[in-house]
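Using the sequences plus the hints, can you model the full thing?
Chains as they are written, first to last, in the numbering used here: chain G, 1 to 166; chain E, 1 to 99.
Source of the hints: derived by calculation from the structure; they are not laboratory data. Wrong hints could be hidden among the right ones.
Simulated pairs of lysine-lysine, DSSO-like, Cα-Cα distance not exceeding 30 Å [said to hold, decoys possible]:
| hint | chain 1 | residue 1 | chain 2 | residue 2 |
| --- | --- | --- | --- | --- |
| 1 | E | 3 | G | 93 |
| 2 | E | 6 | E | 17 |
| 3 | E | 26 | E | 6 |
| 4 | E | 35 | G | 12 |
| 5 | E | 35 | G | 19 |
| 6 | E | 26 | G | 93 |
| 7 | E | 84 | G | 93 |
| 8 | G | 93 | E | 32 |
| 9 | G | 4 | E | 26 |
| 10 | G | 19 | E | 17 |
| 11 | G | 19 | E | 26 |
| 12 | G | 12 | E | 32 |
| 13 | G | 19 | E | 32 |
| 14 | E | 84 | G | 19 |
| 15 | E | 17 | G | 12 |
| 16 | G | 12 | E | 3 |
| 17 | G | 4 | E | 17 |
| 18 | E | 3 | E | 35 |
| 19 | G | 116 | G | 79 |
So, partial list: chain E residues that the calculated Cβ filter (under 8 Å) puts toward chain G [said to hold, decoys possible]:
| hint | residue |
| --- | --- |
| 20 | 25 |
| 21 | 27 |
| 22 | 31 |
| 23 | 73 |
| 24 | 97 |
Backbone N, C-alpha and C fix where the C-beta goes; we use that ideal spot for every residue, glycine too.
Each chain, written out:
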Amino acid sequence: MIFKIFESLDEKFGVERAKAHCDVPCGIYDPIVAQISALTVVRMIDLIHDLAGKGAEHDTAYHNTMSRYVTVKEEHAEKAKAEIRIIWGDYIKAQHLESYPQVNSVVHKIMQLGSKSRQTTDREAAVEFVETINEFAEIFWATKGITTKRANAPYAPALEVVYPNL
Amino acid sequence: MIKVLKVTGDSLTPEYKGGDFVIVLKIPLWFKSPKRGDVVVFRQSNYGILIKQVDRYDPQSGEFFVIGTHADSVDSRQFGALHKRDLIGKVIWHVRNPR
Numbered sequence: 001m002i003f004k005i006f007e008s009l010d011e012k013f014g015v016e017r018a019k020a021h022c023d024v025p026c027g028i029y030d031p032i033v034a035q036i037s038a039l040t041v042v043r044m045i046d047l048i049h050d051l052a053g054k055g056a057e058h059d060t061a062y063h064n065t066m067s068r069y070v071t072v073k074e075e076h077a078e079k080a081k082a083e084i085r086i087i088w089g090d091y092i093k094a095q096h097l098e099s100y101p102q103v104n105s106v107v108h109k110i111m112q113l114g115s116k117s118r119q120t121t122d123r124e125a126a127v128e129f130v131e132t133i134n135e136f137a138e139i140f141w142a143t144k145g146i147t148t149k150r151a152n153a154p155y156a157p158a159l160e161v162v163y164p165n166l
Numbered sequence: 001m002i003k004v005l006k007v008t009g010d011s012l013t014p015e016y017k018g019g020d021f022v023i024v025l026k027i028p029l030w031f032k033s034p035k036r037g038d039v040v041v042f043r044q045s046n047y048g049i050l051i052k053q054v055d056r057y058d059p060q061s062g063e064f065f066v067i068g069t070h071a072d073s074v075d076s077r078q079f080g081a082l083h084k085r086d087l088i089g090k091v092i093w094h095v096r097n098p099r
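Here is the structure:
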């Protein structure tokens, strides 16, 4: 009975909400997965061009290897996009957008470059994909008051990656 | 001073469930500090208006820590301590959703 009264009050006037907030990720966010995935995309493009440039016979072994490179490229481009979407959607809050108004356009650019990296073997676009995710990582760590450094990844394709100074 | 709020989320289950209503009052907190086990409503800069249980209160700094009863609760273990000024009130009446 009492509950029904409150429920009709809510329906009529819209009672304010108090969130008993629960979230499985519990605040564990890190752009490094996206960064490594984007590096993998560049690596796969390099391997694709290498294999194609060898002039080998297009036998079953060739097709098998080529399709594996393409599959890994596809998967990692999507993984990088998904990781960035999660951080953007779940971690980035209004006050971060106020302090770093470029976040939305950086994320949008990542999404587009990720798609281009899936659709093509354009190395330049994939390198830009890595670099734009680096920009996002710099913003992400800055929101936590953590400075960053740039260093070349210690593995091929050895591109520059943003790391937090922990 | 007095507020009616509807609970959303599961971090205080099984005692408080999504859909329950709570009546909160600020006056009791003027005279008595929040103590462990009190259910309070407060404002958190990232998450907005939250309802949690007080875990501990430091009267010297005015800081308090809140927790949920669910394992996946987002609380002071993630967003740290709160200040007494963030409190909206203490739950004085809990109206359970019968469903």
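Cross-check of the supplied hints:
Of the supplied pair hints, the one linking residue 3 of chain E and residue 93 of chain G holds, its CA atoms being roughly 26 Å apart against a limit of 30 Å. Restraint check: the Cα-Cα separation between residue 6 of chain E and residue 17 of chain E comes to about 10 Å, which is no more than 30 Å; the hinted pair holds. This hinted pair checks out: residue 26 of chain E and residue 6 of chain E have alpha carbons roughly 17 Å apart, not beyond 30 Å. For a cut-off of 30 Å, the pair hint linking residue 35 of chain E to residue 12 of chain G is broken: about 35 Å separates their Cα positions.
The suggested pairing of residue 35 of chain E with residue 19 of chain G holds, with an alpha-carbon distance near 20 Å, which does not exceed 30 Å. Restraint check: the Cα-Cα separation between residue 26 of chain E and residue 93 of chain G comes to about 28 Å, which is no more than 30 Å; the hinted pair holds. Restraint check for residue 84 of chain E and residue 93 of chain G: the C-alpha separation of about 23 Å stays at or below 30 Å, so the hint holds. At roughly 34 Å between alpha-carbon atoms, residue 93 of chain G and residue 32 of chain E are farther apart than 30 Å, so this suggested pair is violated.
Proposed proximity of residue 4 of chain G and residue 26 of chain E is supported: the alpha carbons are some 25 Å apart, at most 30 Å. For the hint linking residue 19 of chain G to residue 17 of chain E, the alpha-carbon distance of about 10 Å falls within 30 Å, and the restraint holds. Pair hint residue 19 of chain G plus residue 26 of chain E holds up; C-alpha atoms about 18 Å apart against a cutoff of 30 Å. At most 30 Å may separate the alpha-carbon atoms for a hinted pair to count; residue 12 of chain G and residue 32 of chain E exceed this at roughly 35 Å.
Taking the CA atoms of residue 19 of chain G and residue 32 of chain E, the gap is about 24 Å. The hint holds against a cut of 30 Å. Simply put, residue 84 of chain E and residue 19 of chain G have alpha-carbon atoms about 18 Å apart, close enough for the 30 Å limit, and the pair holds. Among the hinted pairs, residue 17 of chain E with residue 12 of chain G is consistent with the structure: their alpha-carbon atoms are about 22 Å apart, no more than 30 Å. At roughly 16 Å between alpha-carbon atoms, residue 12 of chain G and residue 3 of chain E fall within 30 Å of each other, so this suggested pair holds.
Taking the CA atoms of residue 4 of chain G and residue 17 of chain E, the gap is near 16 Å; set against the 30 Å cutoff, the hint holds. Between residue 3 of chain E and residue 35 of chain E the CA atoms are separated by roughly 20 Å; this keeps the pair inside 30 Å, and the hint holds. For the hint pairing residue 116 of chain G with residue 79 of chain G, the CA-to-CA distance comes to about 14 Å; that is within 30 Å, so the pair holds. Annotation: interface hint on residue 25 of chain E violated; nearest CB of chain G at approximately 14 Å, more than 8 Å.
A least Cβ separation of about 18 Å between residue 27 of chain E and chain G goes past the 8 Å threshold, and the interface hint is therefore violated. With its C-beta approaching chain G no nearer than about 23 Å, residue 31 of chain E sits outside the 8 Å limit, and its interface hint is violated. Interface restraint check: residue 73 of chain E against chain G, minimum CB-CB distance 6 Å, threshold 8 Å, status holds. For residue 97 of chain E, the suggested interface contact is upheld, since its CB lies about 6 Å from the closest CB of chain G, less than 8 Å.
Of the hints listed earlier, those the structure fails to meet are numbers 4, 8, 12, 20, 21 and 22, in rising order.
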